[in-house]
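Undergrad: Here the protein sequences line up with chains A and B, keeping their order. Each number in the numbering used here comes from the position in the first sequence (counting from 1) with 10 added on. Each number in the numbering used here comes from the position in the second sequence (counting from 1) with 70 added on.
If you are wondering where the hints come from, they were derived from the structure by calculation, not from laboratory data.
Straight-line Cα separation of at most 20 Å, PhoX-like style, residue types lysine-lysine; simulated pairs: (1) LYS332/B / LYS410/A; (2) LYS182/A / LYS125/A; (3) LYS122/B / LYS99/B; (4) LYS329/B / LYS410/A.
Stretch-level coverage of chain B by chain A, calculated; a stretch enters the list once three of its residues show a Cβ under 8 Å from a Cβ in chain A: (5) 340-347; (6) 358-369; (7) 379-389; (8) 433-443.
Covered by chain B, per the in silico footprint, the following chain A stretches (three or more residues, Cβ under 8 Å): (9) 274-282; (10) 293-303; (11) 327-334.
Cβ atoms here follow ideal geometry from the backbone N, Cα and C, with glycine treated the same way.
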Amino acid sequence: MSASEQELNEFRVEVAAWMKDNSPADPGFLLPQTFMEVGDERQLDFLRNWQHKIWSAGYLGMAWPKEYGGCGVEPIYQSIADKEMRRLAVPICFNVIGLGWAGPLINDIGSEEQKAKYLKGILNAEDVWCQGFSEPDHGSDLGNAQTRAVRDGDEYVLNGQKIWTTMGNFAKYMILLARTNPDSPRKYDGLSFFLSPMHVSGIDTRPIRKLTGEFGFTETFFTDARIPADSIMGEEGQGWKIAMKTLQYERGAEAGAAGGQSMVRMTVEDMISQLDGVRRDGAPVLEDPVVRDQVVEAIMEEKALFLGDRRARIGHLTTDYPGSLPLSHKLRGTEMTRRMRQLAINLQGAEGALYVGDDDARQGGFWQRAYLNSFSATIGGGTSQVQANIIAEHVLGLPK
Amino acid sequence: MSLIGNTTLTFSEEQAMLLDVAREFCRDKSPMTAVRAQLDSDRGFDQALWDKMVSLGWAGISLPESCGGSGLGVGALVPVIESMGRAMLGTPLISSALAGQLLLRAGDAQQTERLLPNIAAGVPATLALLDNGDWGDNGIGLILDDKRVLRGVKKCVPDASVADLFVVSVSFEGRAALAVVRADQLVAGALGPNALIDQTKRAANVDFSGVTVDEENIIVGPDVAIALRDVRLLGALLVAAEATGSAAACLDTIVDYLKTRKQFGKLIGSYQALKHPTVEILTATDSARSFIYHAATMVDDDVLDTDAEIACRMAKVQACQTLLYAGDRGIQFHGGMGFTYECDAQLYIRRAQWSQQQFGDVQHHRKRLAALLLG
Numbered sequence: 011m012s013a014s015e016q017e018l019n020e021f022r023v024e025v026a027a028w029m030k031d032n033s034p035a036d037p038g039f040l041l042p043q044t045f046m047e048v049g050d051e052r053q054l055d056f057l058r059n060w061q062h063k064i065w066s067a068g069y070l071g072m073a074w075p076k077e078y079g080g081c082g083v084e085p086i087y088q089s090i091a092d093k094e095m096r097r098l099a100v101p102i103c104f105n106v107i108g109l110g111w112a113g114p115l116i117n118d119i120g121s122e123e124q125k126a127k128y129l130k131g132i133l134n135a136e137d138v139w140c141q142g143f144s145e146p147d148h149g150s151d152l153g154n155a156q157t158r159a160v161r162d163g164d165e166y167v168l169n170g171q172k173i174w175t176t177m178g179n180f181a182k183y184m185i186l187l188a189r190t191n192p193d194s195p196r197k198y199d200g201l202s203f204f205l206s207p208m209h210v211s212g213i214d215t216r217p218i219r220k221l222t223g224e225f226g227f228t229e230t231f232f233t234d235a236r237i238p239a240d241s242i243m244g245e246e247g248q249g250w251k252i253a254m255k256t257l258q259y260e261r262g263a264e265a266g267a268a269g270g271q272s273m274v275r276m277t278v279e280d281m282i283s284q285l286d287g288v289r290r291d292g293a294p295v296l297e298d299p300v301v302r303d304q305v306v307e308a309i310m311e312e313k314a315l316f317l318g319d320r321r322a323r324i325g326h327l328t329t330d331y332p333g334s335l336p337l338s339h340k341l342r343g344t345e346m347t348r349r350m351r352q353l354a355i356n357l358q359g360a361e362g363a364l365y366v367g368d369d370d371a372r373q374g375g376f377w378q379r380a381y382l383n384s385f386s387a388t389i390g391g392g393t394s395q396v397q398a399n400i401i402a403e404h405v406l407g408l409p410k
Numbered sequence: 071m072s073l074i075g076n077t078t079l080t081f082s083e084e085q086a087m088l089l090d091v092a093r094e095f096c097r098d099k100s101p102m103t104a105v106r107a108q109l110d111s112d113r114g115f116d117q118a119l120w121d122k123m124v125s126l127g128w129a130g131i132s133l134p135e136s137c138g139g140s141g142l143g144v145g146a147l148v149p150v151i152e153s154m155g156r157a158m159l160g161t162p163l164i165s166s167a168l169a170g171q172l173l174l175r176a177g178d179a180q181q182t183e184r185l186l187p188n189i190a191a192g193v194p195a196t197l198a199l200l201d202n203g204d205w206g207d208n209g210i211g212l213i214l215d216d217k218r219v220l221r222g223v224k225k226c227v228p229d230a231s232v233a234d235l236f237v238v239s240v241s242f243e244g245r246a247a248l249a250v251v252r253a254d255q256l257v258a259g260a261l262g263p264n265a266l267i268d269q270t271k272r273a274a275n276v277d278f279s280g281v282t283v284d285e286e287n288i289i290v291g292p293d294v295a296i297a298l299r300d301v302r303l304l305g306a307l308l309v310a311a312e313a314t315g316s317a318a319a320c321l322d323t324i325v326d327y328l329k330t331r332k333q334f335g336k337l338i339g340s341y342q343a344l345k346h347p348t349v350e351i352l353t354a355t356d357s358a359r360s361f362i363y364h365a366a367t368m369v370d371d372d373v374l375d376t377d378a379e380i381a382c383r384m385a386k387v388q389a390c391q392t393l394l395y396a397g398d399r400g401i402q403f404h405g406g407m408g409f410t411y412e413c414d415a416q417l418y419i420r421r422a423q424w425s426q427q428q429f430g431d432v433q434h435h436r437k438r439l440a441a442l443l444l445g
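Chain A extracted, bound-state conformation (with noise of 0.2 Å):
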């Protein structure tokens, strides 16, 4: 039985009460803008609370089992309190690789034994989980990870290096991706994938601090750690399919993640909005002509991604380059990011060179922070530049 129109509206305006009511104030320290940028433990407890709170409250993992600690109903009641998350920009939910990344794969491929020991406590956020993917010299390209597992009776040992682990400091967990078989013809066929607990002897982290002067990631290394053989995620081999397989999680609840918003919002329309009394030549800022041309540039980009999304569920308009449009998704849109964050501090006149922590700061520095921030999307999970060639390799068919 699905849901009524009714039955979905009334849980929308249930949701949003409650959000209204039980958003938490303003704590007076700053808080994380994205779930990379949980720096300190005051951050770590203000968010654990928020996230605790609104899964007691039923508004989180719905869609997942409630054995598992879910609610156990439809994905749309997920993406309905998502939604509301996002339109009423209360903070995030921070335990992002759990519920988006960890969660949806054991909920789909793991033992009812792992599902039992982890998804409940990814929910109500007392078990933090990072991921290792990224190594120093293996940024882009994460089928070269070099970082070894060695199967040692009921143990693999490890040693090597992660690099840019989301809150590796705290994280009770990781999913992480190492090499078996160093020997296999293709590179690819040589890793496997793990849910390998943190908390183990050889197992080091040390923060980053990133441009922003923040922290929220470590470089994590691993000295001859052992960790439980029954850490395996499905085969030895199989690793580079399953961390393919959680990159589907990204398309929220209806795809399996437990939903919650990883980011504060930051549209076009907030970047205007932030430009409330500024002024340009003694008039408000967006009389500005030269101005009003950039904005409208601004709101086509963004525009533009949305309607993309539109066409691509239209099989007719979408048969000359098939895969043009979910390829270039990411490029598309964190570009679209990265340069309307940094327009919204150009906008602001004097006030756009001052930084979190002046009071004159326009929001606290919020979007000078934000810009800055930008770079981890057009960086991370593959720079735009290996985005790009992906698209003219897989796409147009250009040569490598």
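For chain A, the structure is supplied; the task is to place chain B on it using the hints.
TA: Relative to the frame of chain A, chain B by itself:
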């Protein structure tokens, strides 16, 4: 979400069929050799080909069934025009369709029932709107005097030399009106053909001075100004559809060359300096196609609303910018070959400059979008 506004995009069965048929027809009937054969011809297109397009019903797609059309609305023309743009097939279809829209939107029942069946049956028609080079000029310089005699010249009238019917914007008793003029009413030497940058297109300055307009062919009233505004927006949309098709063809031409041309012992498509801008052309073309089909979804036979106006203007901006970029890089990426007349890249950049100047350029539309979106 209010700034992003309406993002409706649907595609009907009829549009899907039209797209399939038009793609195949244009690919088969308008290969590059056929396009090039028309570059120096007087008419600019093959009459037999036009007759076939008419027999497919294309001249009447957007006209009501009561007037001999198929009643599919102007949005259904977008897939056809996009396909023609892809094949660089220049015929009077856009001009005829827009002339039909202008009559449909401004004329009374008697006028539409008398004039539109001819257009639906393939009699070429066109619209004469420009008094000067400024698409932003709301004044009308061509005068229709109280004796119903015209006085003045219209610039750059598309397909003027083949049109049997001209729908002309005129100033009549101080107000905007339309005059329908038959080609046989023009005085000798009235047509001054333009030398156009796009050799697949034809246009002329038309001196209407001395023509006496039939009383029944004068259209007046409050609908005229609205119809003129809407037809300029529809013109922007159809030109955008054509430009999007041409950009897609230009992209194909570039990709083909990048896959076959070798320099320094390597296929040039392996160089990132060429790869990455080519991907930009792809993503820009993707955006253009999204905008034109969104706009096609938003327009119908009624007065265009604000969402439809925004959609048409955005489609024009995105499509023209895309074709200008694709055409420009298309020349550059062909190297020395690109500098020759023989290379097809020149056709696309010339088309880009033509499209940019029809119904207002990129700046013209962005300025109006700013007013619509930012107040």
